[in-house]
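J.: Protein chains in written order, with the numbering used here: chain A, 287 to 482; chain L, 2 to 418.
Accuracy of the hints is not assured; some may be wrong.
[To be verified] Partial selection, computed: residues in chain A whose CB lies under 10 Å from chain L:
1. Ser308
2. Ala311
3. Phe312
4. Ala318
5. Gln319
6. Ala320
7. Phe321
8. Glu348
9. Met351
10. Ala445
11. Glu448
[To be verified] Here are the simulated distance ranges between beta carbons:
12. A:Gly371 / L:Gln242: 46 to 56 Å
13. L:Ala363 / A:Gly435: 27 to 37 Å
14. L:Arg359 / A:Thr329: 27 to 37 Å
Simulated from the structure, these hints should not be mistaken for lab results. Glycine included, each C-beta is placed from N, C-alpha and C at the ideal position.
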Amino acid sequence: MFQVRIHGRGGQGVVTAAEMLSVAAFNEGRHAQAFPSFGSERTGAPVVAFCRIDDREIRVREPIMEPDALIVQDPTLLHQVDLFGGLHRDGFILINTAKSFDELGLGEFVAGFRHERLLTVPAGDLARAHTGRPVPNAALLGGFAALSGLISPDSLAQAIRERFAGEVGEGNVAAAQAAHAWVADELRELSGAAAG
Amino acid sequence: MLRQVEGSRAVAEAVAMCRPEVICAYPISPQTHIVENLSQLVKTGELAPCEFVNVESEFAAMSVAIGASATGARAYTATASQGLLYMVEALYNASGLGLPIVMTVANRAIGAPINIWNDHSDSMSQRDCGWIQLYAETNQEALDLHIQAFRLAEELSTPVMVCMDGFILTHAVERIDIPSQAQVDAYLTPFVPRQVLDPDAPISIGAMVGPEAFMEVKYLAHAKQMSALELIPELAADFRQAFGRESGGLIRSYRSEDAETIVVALGSVLGTIQDTIDELREDGMKIGAVGITSFRPFPLEQLRTALAGAQRVVVLEKALAVGIGGIVSANVRMALAGIALHGYTVIAGLGGRPITKRSLRALFLEAADDALGPLTFLDMDWDIVNRELARMASSRRSGPHAENMLRDSGPVAAGPV
Chain A
287 MFQVRIHGRG
297 GQGVVTAAEM
307 LSVAAFNEGR
317 HAQAFPSFGS
327 ERTGAPVVAF
337 CRIDDREIRV
347 REPIMEPDAL
357 IVQDPTLLHQ
367 VDLFGGLHRD
377 GFILINTAKS
387 FDELGLGEFV
397 AGFRHERLLT
407 VPAGDLARAH
417 TGRPVPNAAL
427 LGGFAALSGL
437 ISPDSLAQAI
447 RERFAGEVGE
457 GNVAAAQAAH
467 AWVADELREL
477 SGAAAG
Chain L
2 MLRQVEGSRA
12 VAEAVAMCRP
22 EVICAYPISP
32 QTHIVENLSQ
42 LVKTGELAPC
52 EFVNVESEFA
62 AMSVAIGASA
72 TGARAYTATA
82 SQGLLYMVEA
92 LYNASGLGLP
102 IVMTVANRAI
112 GAPINIWNDH
122 SDSMSQRDCG
132 WIQLYAETNQ
142 EALDLHIQAF
152 RLAEELSTPV
162 MVCMDGFILT
172 HAVERIDIPS
182 QAQVDAYLTP
192 FVPRQVLDPD
202 APISIGAMVG
212 PEAFMEVKYL
222 AHAKQMSALE
232 LIPELAADFR
242 QAFGRESGGL
252 IRSYRSEDAE
262 TIVVALGSVL
272 GTIQDTIDEL
282 REDGMKIGAV
292 GITSFRPFPL
302 EQLRTALAGA
312 QRVVVLEKAL
322 AVGIGGIVSA
332 NVRMALAGIA
342 LHGYTVIAGL
352 GGRPITKRSL
362 RALFLEAADD
372 ALGPLTFLDM
382 DWDIVNRELA
392 RMASSRRSGP
402 HAENMLRDSG
412 PVAAGPV
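For reference, chain A alone in the conformation it holds in the complex (with noise of 0.2 Å):
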């Protein structure tokens, strides 16, 4: 089973982006459950989702405490809620920002943890660029996508298609997909300095 978990704030599309991460698997064949922490979402406070991805039925109703994978929509949640708790060494964390993690003062938190899992993205410059309004689920999901390989960008195009219709729906594409490739041209950048 992989489990993500996203923190954000009332308002981005939290609990959206957990949803369409979830059909996005679904569109792959695989058994996933999305749902909110609930209770919480109002406009501007902080908000988390889950997702967890598996191949057979998931039952288990838990919240995601251990999580394989964080996403982070608003990095002004740093200092204020307690975003890493339970995520494991090999785990993934994509945030939301122009900032590497060592400008966000994590560089020393984030010592022990497998570099080519690490990512920042501009998600919501990106979402601005390509649908007029720094709603950052749908890119980040993007990057995610290219981040973890967990899901294809086909599928997420899909899942998000199935969520949006008509131009909000290819804005949100196109984010996604503008994500997907800055974050893979990261990954290249980071084999690439670890190959030379």
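For chain A, the structure is supplied; the task is to place chain L on it using the hints.
T.: Chain L in isolation, oriented as in the chain A frame:
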């Protein structure tokens, strides 16, 4: 057709395929998504003919359902928590009059303190109001139980409550097999009422009954539920044949045949329990589970058979009967009358407290050693309880419990869990 869909949406689509003619609704979390979806299906004409009535309260919702059902219409509503309590008087009327209304209860805690999260306090408070109560383990089963519920209600002329865990099921998006309209039509034939208010053939429904026949009329509700003990398994067997999957029935056993320790529970927590059992089985522990799907009528004999071979039974329940402890466990003990085994009551998950595999594992290991007390509160923070008790002992005006204890438990933010 398999779809990745929110539990509430799936239930709404299933209810719509049951062709209700009147839906009355008053919004309350976590039930709201169900009736919102239904209102859209009515507005777009996908569900027709159907009258969607926005009422001014839950008392009105159930009253409108009663009126609709008495005219021979298939009637549906949904509620939760305080909403269910607000319609209590009408609930007894629906069952006493023998009106086959189907209602979803999206299980939620009852205040005070006010709390919107899941537990079973709401439906458990109405266990004896004369309604059949079915508890869904998964969203698939929640969908399936609604289709069975209309048939059950109408065959017996008695109302049925389908209980599904609020948020945990209603707001979870997962793979659900949505049946076709043709499948549902074949399983659920049109409503043939036993009694109809019709201006062309006037009758009255709801006469006052004195001591000469009150007990006899009341007994009929009991007689119907006793016959439901036979009908519920039949409907589940028919359902399996028509839809190709197991759903409903009275109880469901999981790896309990040779189990020394059997956990009894209701609803979605059974999934987490089953995963925990699989892990403990790998370690060699003989442990299994029995899920109760039909809490009313209560399947005394079936539970007795399913549990009699165990050395100990752990009843894990999401409601607290203040002043005694367990509700489900009291019923289970009745099923086990005369059988010598260890019985443990565990109150868990009140007000949305997560029930985790880690805590269940520790709990079941303790139970297997017979080291549990008779009444356990899973993951209780005894520190803040004891601090408030000490405050009460030291000062007459110690203030309000909830506010004091929130201060003691520290700031709350949407952290990892």
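J.: Hint by hint, note whether the structure agrees.
T.: Right, here's what the structure says about each hint:
1. The beta carbon of A:Ser308 is positioned within 10 Å of a beta carbon in chain L (closest approach about 5 Å), and the interface hint is therefore held.
2. Checking A:Ala311 against chain L by beta carbon gives a least distance of about 8 Å; that is within 10 Å, so the hint holds.
3. Because the closest C-beta pair between A:Phe312 and chain L is about 4 Å apart, less than 10 Å, the hint holds.
4. With a cut of 10 Å, the hint placing A:Ala318 at the interface with chain L holds, because the nearest CB-to-CB distance is about 7 Å.
5. Hint status for A:Gln319: holds, given a least beta-carbon distance of 5 Å to chain L, under 10 Å.
6. Hint on A:Ala320 holds. Least Cβ distance to chain L is approximately 4 Å, under the 10 Å limit.
7. Restraint check, A:Phe321 versus chain L: the minimum CB separation of about 4 Å is within 10 Å; hint holds.
8. For A:Glu348, the suggested interface contact is upheld, since its CB lies about 5 Å from the closest CB of chain L, less than 10 Å.
9. With a least beta-carbon distance of about 6 Å to chain L, the hint placing A:Met351 at the interface is held under the 10 Å criterion.
10. Here the hint on A:Ala445 is kept, as its CB sits about 8 Å from the closest CB of chain L, short of 10 Å.
11. Checking A:Glu448 against chain L by beta carbon gives a least distance of about 9 Å; that is within 10 Å, so the hint holds.
12. At roughly 48 Å, the beta carbons of A:Gly371 and L:Gln242 sit within the given window of 46 to 56 Å.
13. Judged by the Cβ atoms, the range 27 to 37 Å given for L:Ala363 and A:Gly435 holds: they are separated by roughly 35 Å.
14. At about 33 Å, the CB distance of L:Arg359 to A:Thr329 agrees with the hint of 27 to 37 Å.
When the structure is compared with the earlier hints, no violation turns up for any of them.
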